[in-house]
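Work the whole structure out from these sequences, hints included.
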Amino acid sequence: MPELPEVETVRRGLAPVMEGAIVKRLELRRANLRFPFPDDFQTAVEGKRITSVGRRAKYLLVDLADGNVIIMHLGMSGSFRTQEETTSDKTPGDFHHERNRLEAHDHVTFHLKTAKGSSARVIYNDPRRFGFMLMTPRNALDDHPMFENLGVEPVGNALSAQELASKLMGRTSPLKAALLDQRVIAGLGNIYVCEALWRAGLSPKRRSSTLVLKSGRPTERATLLTDHIKEVISDAIKAGGSSLKDHAQTDGTLGYFQHSFAVYDQEGEDCAKPQCNGTISRIVQSGRSTFYCGKCQK
DNA sequence: CCGACTACCTGCCCGC
DNA sequence: TGCGGGCAGGTAGTCG
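Going left to right, the first sequence walks through residues 1 to 298 as the working numbering numbers them.
Hints are computed from structural coordinates only; laboratory data are not their basis. Hints may contain errors.
Claimed, not checked - Below, computed lysine to aspartate or glutamate pairings styled on EDC-like, alpha-carbon distance capped at 20 Å:
#	residue 1	residue 2
1	Lys48	Asp63
2	Lys24	Glu84
3	Lys116	Glu84
4	Lys24	Glu46
5	Lys273	Asp251
6	Lys245	Glu220
7	Lys113	Glu27
8	Lys167	Asp106
In structure tokens:
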């Protein structure tokens, strides 16, 4: 599930349940995900009030009232689902519904008393366990190893053609690899890089530095690419992200941006660009699949 | 510094 | 039907 649009979709699902809630109990069903949980993680979280659920790049940030922030990453296969006590549940804190049972790879459960006073659970599931949960003081977040080198967000005003040009200047790597580098733009992943390059008509194999003039100013191509990156991310967020195999949203409903893929996982299909009669190809770049049209992406 | 490659882990799909 | 290989939205660490 998880590039920026999917993580933002998850954030929007978690916020109404978690914001203002007290963590009554934090249930860890194993000692680690990709990394060990922080020392005394349970003690640090239980009894605390959650003030907000935020996002930076592909990271979810759960702020606690005591000034600490839980950093959560979904890796490749992480997902959250929520369970809320309903009026048909007779005993407070009791969950009778069939859908409320645990599933394979449910590793973490946040047992909450919500701001409304009801009981709820937030369950983290992650078959491959590439995700992780860490904690740091909020005022030290920018210095955390995972954050100190992060590039700009592709939503909002931070990303500009000039910013992109300054990051691509002097880079000899293919454009695809540069855009996947979280130090350049934070939050893009394999799907949205492929889609943005197609929309901009740029080859994933193009040398990164060809989008920068000698003066360090962006080329027209860089401006075009910047606009298309913002657009595809914004379109995907509006669609609730992309749901490939898994549920993308915390209430179990599916995002539908995958129906809008022009190139990702479309090998052999006709290019959708008007007037282009090319075919979508798949190649491998730095160990990962790239999908593109060799005819209209130059 | 940069860039390419590998490791981490489970599940699914395809071909034999 | 069963099995092996390849592939999957992620990042971090190593090596040249």
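How the hints compare with the structure:
A C-alpha spacing of about 10 Å is found between lysine 48 and aspartate 63, which places the hinted pair at or below 20 Å, so the restraint holds. A hinted pair counts as satisfied when its Cα atoms are at most 20 Å apart, and lysine 24 with glutamate 84 qualifies at roughly 14 Å. Simply put, lysine 116 and glutamate 84 have alpha-carbon atoms about 11 Å apart, close enough for the 20 Å limit, and the pair holds. A threshold of 20 Å between alpha carbons decides the hint, and for lysine 24 with glutamate 46 the separation of about 6 Å falls inside it, so the pair holds.
For a cut-off of 20 Å, the pair hint linking lysine 273 to aspartate 251 is broken: about 35 Å separates their Cα positions. This hinted pair does not check out: lysine 245 and glutamate 220 have alpha carbons roughly 37 Å apart, beyond 20 Å. Restraint check for lysine 113 and glutamate 27: satisfied, since their Cα atoms lie roughly 14 Å apart, inside the 20 Å limit. Distance restraint check for lysine 167 and aspartate 106: the Cα-Cα separation of roughly 39 Å exceeds the 20 Å cut-off, and the hinted pair is therefore not satisfied.
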